[in-house]
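Q: Quick note, the sequences are listed as chains A and B, same order.
The first sequence lines up with residues 1 to 114 when you count with our numbering.
The second sequence lines up with residues 115 to 225 when you count with our numbering.
No lab work stands behind these hints: they were computed from the structure.
Note that CB positions come from ideal geometry on N, CA and C, so glycine has one too.
This list has only true hints and no planted wrong ones.
Computed footprint of chain A on chain B, listed as stretches where at least three residues anywhere in the stretch have a Cβ under 8 Å from a Cβ of chain A:
#1 150-161
#2 216-225
Incomplete in silico selection of chain A near chain B, CB under 8 Å:
#3 G42
#4 N56
#5 Q101
Chain A stretches covered by chain B per the calculated footprint, using a threshold of three residues with CB under 8 Å from any CB of chain B:
#6 43-53
#7 105-114
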Amino acid sequence: KAGVTQTPRYLIKTRGQQVTLSCSPISGHRSVSWYQQTPGQGLQFLFEYFSETQRNKGNFPGRFSGRQFSNSRSEMNVSTLELGDSALYLCASSLSGDWTQPQHFGDGTRLSIL
Amino acid sequence: ILNVEQSPQSLHVQEGDSTNFTCSFPSSNFYALHWYRWETAKSPEALFVMTLNGDEKKKGRISATLNTKEGYSYLYIKGSQPEDSATYLCAFNNAGNMLTFGGGTRLMVKP
Numbered sequence: 001k002a003g004v005t006q007t008p009r010y011l012i013k014t015r016g017q018q019v020t021l022s023c024s025p026i027s028g029h030r031s032v033s034w035y036q037q038t039p040g041q042g043l044q045f046l047f048e049y050f051s052e053t054q055r056n057k058g059n060f061p062g063r064f065s066g067r068q069f070s071n072s073r074s075e076m077n078v079s080t081l082e083l084g085d086s087a088l089y090l091c092a093s094s095l096s097g098d099w100t101q102p103q104h105f106g107d108g109t110r111l112s113i114l
Numbered sequence: 115i116l117n118v119e120q121s122p123q124s125l126h127v128q129e130g131d132s133t134n135f136t137c138s139f140p141s142s143n144f145y146a147l148h149w150y151r152w153e154t155a156k157s158p159e160a161l162f163v164m165t166l167n168g169d170e171k172k173k174g175r176i177s178a179t180l181n182t183k184e185g186y187s188y189l190y191i192k193g194s195q196p197e198d199s200a201t202y203l204c205a206f207n208n209a210g211n212m213l214t215f216g217g218g219t220r221l222m223v224k225p
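I would like the entire structure built from these sequences, with the hints used as guidance.
A: The structure is reproduced here in structure tokens:
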């Protein structure tokens, strides 16, 4: 069974640009969550999607958005990039989005803002 | 904002030593507590998901306990091996909302 796939692995952007990251969950998993990892803040929850609906959202500005498609693939978009958005972005999938099930993480997209 | 604390932040042990670390979380509205192992250049790997007070889980040489009334979980590693070197993360979920991660404990096992 293929794991969670994130693309691209690395990305370099400049301030003010926008970026879209992609996540393909494990086959059959319907919940996809996104996390931001920075050295200072650790791993922080961005949002969670289930059946194309955003169910939960972390404490991030509106520049961070996402969506989920009918095949459960998800995209995350960050607009008007700031230097502080430089981070590792991880997505994770789980079977039903019940938090009693483990999250299965992808390898992440490392975003650098110049 | 929920406060999930892990201690110690880092730990150096010799191969063969047994070790343990702590995850502290709010004791109200508990729903689930997750443990993950994150090796360098890899993705976080789930170790345990614990839901019941008094729960004990075991996977090989690694085990975990849970006390939801006082808001803590312990992770134990028996006979540490160099391949156990990683950052161990706990994550708390309250009433099914979202996962809040602790800062992690970075374990380094010297051969």
